[in-house]
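Please work from the sequences and hints to get the whole structure.
Number of protein chains: 2
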Amino acid sequence: MTDRCLDVLAIGNAIVDVIADAGDDFLAREGMHKGAMRLIDEAEATRLYEAMGPGRELSGGSAGNTVAGVASLGLRAGFIGQLADDQLGEIYAHDIRSLGIAFTTPMRSDVGASARCLVLVTPDAQRTMNTFLGAAQRLGPDAVDPAEVADAQILYLEGYLWDPDEPRRAMIKAIEAAHAAGTKVAFTLSDSFVVDRHRTDLWQLFRERRVDILFANEAEIMSLAEHDSAEDAALAVAAEVPTVVVTCGEQGAFALSNGHRYAAAAEPIRALVDTTGAGDLFAAGYLAGEARGLGPERSLRLGAIAAAEVIQHYGARPEADLRTFAGDLLG
Amino acid sequence: MTDRCLDVLAIGNAIVDVIADAGDDFLAREGMHKGAMRLIDEAEATRLYEAMGPGRELSGGSAGNTVAGVASLGLRAGFIGQLADDQLGEIYAHDIRSLGIAFTTPMRSDVGASARCLVLVTPDAQRTMNTFLGAAQRLGPDAVDPAEVADAQILYLEGYLWDPDEPRRAMIKAIEAAHAAGTKVAFTLSDSFVVDRHRTDLWQLFRERRVDILFANEAEIMSLAEHDSAEDAALAVAAEVPTVVVTCGEQGAFALSNGHRYAAAAEPIRALVDTTGAGDLFAAGYLAGEARGLGPERSLRLGAIAAAEVIQHYGARPEADLRTFAGDLLG
Numbered sequence: 001m002t003d004r005c006l007d008v009l010a011i012g013n014a015i016v017d018v019i020a021d022a023g024d025d026f027l028a029r030e031g032m033h034k035g036a037m038r039l040i041d042e043a044e045a046t047r048l049y050e051a052m053g054p055g056r057e058l059s060g061g062s063a064g065n066t067v068a069g070v071a072s073l074g075l076r077a078g079f080i081g082q083l084a085d086d087q088l089g090e091i092y093a094h095d096i097r098s099l100g101i102a103f104t105t106p107m108r109s110d111v112g113a114s115a116r117c118l119v120l121v122t123p124d125a126q127r128t129m130n131t132f133l134g135a136a137q138r139l140g141p142d143a144v145d146p147a148e149v150a151d152a153q154i155l156y157l158e159g160y161l162w163d164p165d166e167p168r169r170a171m172i173k174a175i176e177a178a179h180a181a182g183t184k185v186a187f188t189l190s191d192s193f194v195v196d197r198h199r200t201d202l203w204q205l206f207r208e209r210r211v212d213i214l215f216a217n218e219a220e221i222m223s224l225a226e227h228d229s230a231e232d233a234a235l236a237v238a239a240e241v242p243t244v245v246v247t248c249g250e251q252g253a254f255a256l257s258n259g260h261r262y263a264a265a266a267e268p269i270r271a272l273v274d275t276t277g278a279g280d281l282f283a284a285g286y287l288a289g290e291a292r293g294l295g296p297e298r299s300l301r302l303g304a305i306a307a308a309e310v311i312q313h314y315g316a317r318p319e320a321d322l323r324t325f326a327g328d329l330l331g
Numbered sequence: 332m333t334d335r336c337l338d339v340l341a342i343g344n345a346i347v348d349v350i351a352d353a354g355d356d357f358l359a360r361e362g363m364h365k366g367a368m369r370l371i372d373e374a375e376a377t378r379l380y381e382a383m384g385p386g387r388e389l390s391g392g393s394a395g396n397t398v399a400g401v402a403s404l405g406l407r408a409g410f411i412g413q414l415a416d417d418q419l420g421e422i423y424a425h426d427i428r429s430l431g432i433a434f435t436t437p438m439r440s441d442v443g444a445s446a447r448c449l450v451l452v453t454p455d456a457q458r459t460m461n462t463f464l465g466a467a468q469r470l471g472p473d474a475v476d477p478a479e480v481a482d483a484q485i486l487y488l489e490g491y492l493w494d495p496d497e498p499r500r501a502m503i504k505a506i507e508a509a510h511a512a513g514t515k516v517a518f519t520l521s522d523s524f525v526v527d528r529h530r531t532d533l534w535q536l537f538r539e540r541r542v543d544i545l546f547a548n549e550a551e552i553m554s555l556a557e558h559d560s561a562e563d564a565a566l567a568v569a570a571e572v573p574t575v576v577v578t579c580g581e582q583g584a585f586a587l588s589n590g591h592r593y594a595a596a597a598e599p600i601r602a603l604v605d606t607t608g609a610g611d612l613f614a615a616g617y618l619a620g621e622a623r624g625l626g627p628e629r630s631l632r633l634g635a636i637a638a639a640e641v642i643q644h645y646g647a648r649p650e651a652d653l654r655t656f657a658g659d660l661l662g
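Line order of the protein sequences matches chains A and B.
First residue of the first sequence: 1, per our numbering; consecutive thereafter.
First residue of the second sequence: 332, per our numbering; consecutive thereafter.
To be clear, the hints were calculated from the coordinates, so they are not data collected in a lab.
These numbers were taken from a predicted model, which means no experiment stands behind them.
Certain hints may be false.
[What the hints assert, rightly or not] Partial list, derived from the structure: chain A residues whose beta carbon lies under 7 Å from chain B:
{"#": "1", "residue": "Arg56"}
{"#": "2", "residue": "Glu57"}
{"#": "3", "residue": "Asp86"}
{"#": "4", "residue": "Thr324"}
No residue lacks a Cβ here, since even glycine has one placed at the ideal position from N, Cα and C.
Put into structure tokens, the structure is as follows:
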């Protein structure tokens, strides 16, 4: 372990989630794929919002949720993401700072409205996401301070941000800074459609040994490797990425790390309420373990523990102090 | 029962709740009285927000919660309240309309920001409220359409709005319209400090027979009658108000109605999470019973049922369809 200011510094979409219950018939009528994320423009966001039920607003965003989990586990986290200078922006900034997370990206008034994700939770606790990226996709390279990256043990990048041009350039700048400083780079694929759109340049990134730890779910890793088996897909990716972590929903997760395979079962839960944030919190637990040098097996267990907490309530960030669940694992 | 467009039309503060967990030590440090509501200005709202933990935003406001309950019980409800033309205003308007509640008060851009209530929930599930009224207290008489009041069976008024001058005039206008049309007037005292500031004109309102149903908790009814027994206080008020309904927390509630006393026990619950909205939802159940002509005893039971649902989750509006809990009571 090095003595750096931050354990994990994340770059991600700064998004407020608007969470509402919805029936399967609503999803069908709207032609939505259950469990998927799709990007929508402002007009569609307005139309869909009017059609859906009453919401509860909670800060979200994949990497933001992950650093919330990292902070809840007692580690030092930072976040880089673009907000507009509006009320949703104030809510997001408040929520992330109140968790003790270093967040210094200035709000901007020239980037439209702050991002929001209309999350529809069906009775089976699945979440279907409709994201209006707004200001979040205007994150530019100026928001990345190479000195902050150099002062972090792990840089964590949200794949969703690989789509828009400005944030991708910001992330590439951060990767270069990490490479120069010996900061590990972790990347989450986020979405199989993102993978599909960027398969070539993602593989190039991996071949250049720019990514140390890759997070994916089964659909994402299969899309990346164009294999119809998650295990085979992970093996193929592991030829280029030192550690590949694959989450498999209620089947748990496995990791291929430097030639070894590790696995962890899902943690038992009392009641499944809302799966939003499961993958984000799994990454939080794993990254915390990685930052503390616990090795893949214990890191996977920490991931499973953090994910189990977040799926038992609405919202994608921990409500409980995750340290109480982590027990002796974190020492 | 008359054939009117609305069962219940409410006038209240249009407020978005910002709900955060807090320890008793935080309340002590801030000098807050647990369980109370206090009004704060914008500067204090900003300062306190920075000091508190991450929030979840949900539409609230006492009378707004009550009509949400009325709608959840399957009755027709309307709401009058002032929002600013901002993101919190959009959230509030969306949430109330998506419940099928008639809400037509135009947003205004000349009234500051939309109201918010910083709600601190302690581990004992008590809520302590800090309200920045903002636009809500700028509700004026122009927002009240006498024809809409005349078309409602019951007009429901939120005592919190008796403090600021413009909304009080709006409510007096509505009371006059109700009186002319045979619309029943229900009033909730909201807060013992409001009662203390307006004891004289409230009594005058009652003596003029302008209020048909009064809702209060024990502290409020004792403050109103300046008695140290809730029963004696209710008796004194019942001399001027046909129906007086007093909620007594986990002891249930009682009503004095046209010379008779009725009582209901609190509904059993599985787990107390957040008492925010308990009184508001009790009023919802009672008003639904009243609108359906069920009589005080069954109306009290409906109140207890609606309150029990809302205290078992965060937020002050029902998450479940209250009709499934009301069973045969509503017919």
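With a cut-off of 7 Å on the beta carbons, see whether A/Glu57 makes it to chain B. holds (4 Å)
Please check whether A/Asp86 passes as an interface residue: C-beta within 7 Å of a C-beta belonging to chain B. Check passed: Cβ of A/Asp86 comes within 6 Å of chain B, closer than 7 Å.
A closest beta-carbon separation below 7 Å is what the hint needs, so does A/Arg56 meet it against chain B? Because about 5 Å separates A/Arg56 from the closest Cβ in chain B, which is inside the 7 Å limit, the hint holds.
Going by Cβ atoms only, is A/Thr324 closer than 7 Å to chain B? violated (14 Å)
Of the numbered hints stated above, the single one contradicted by the structure is hint 4.
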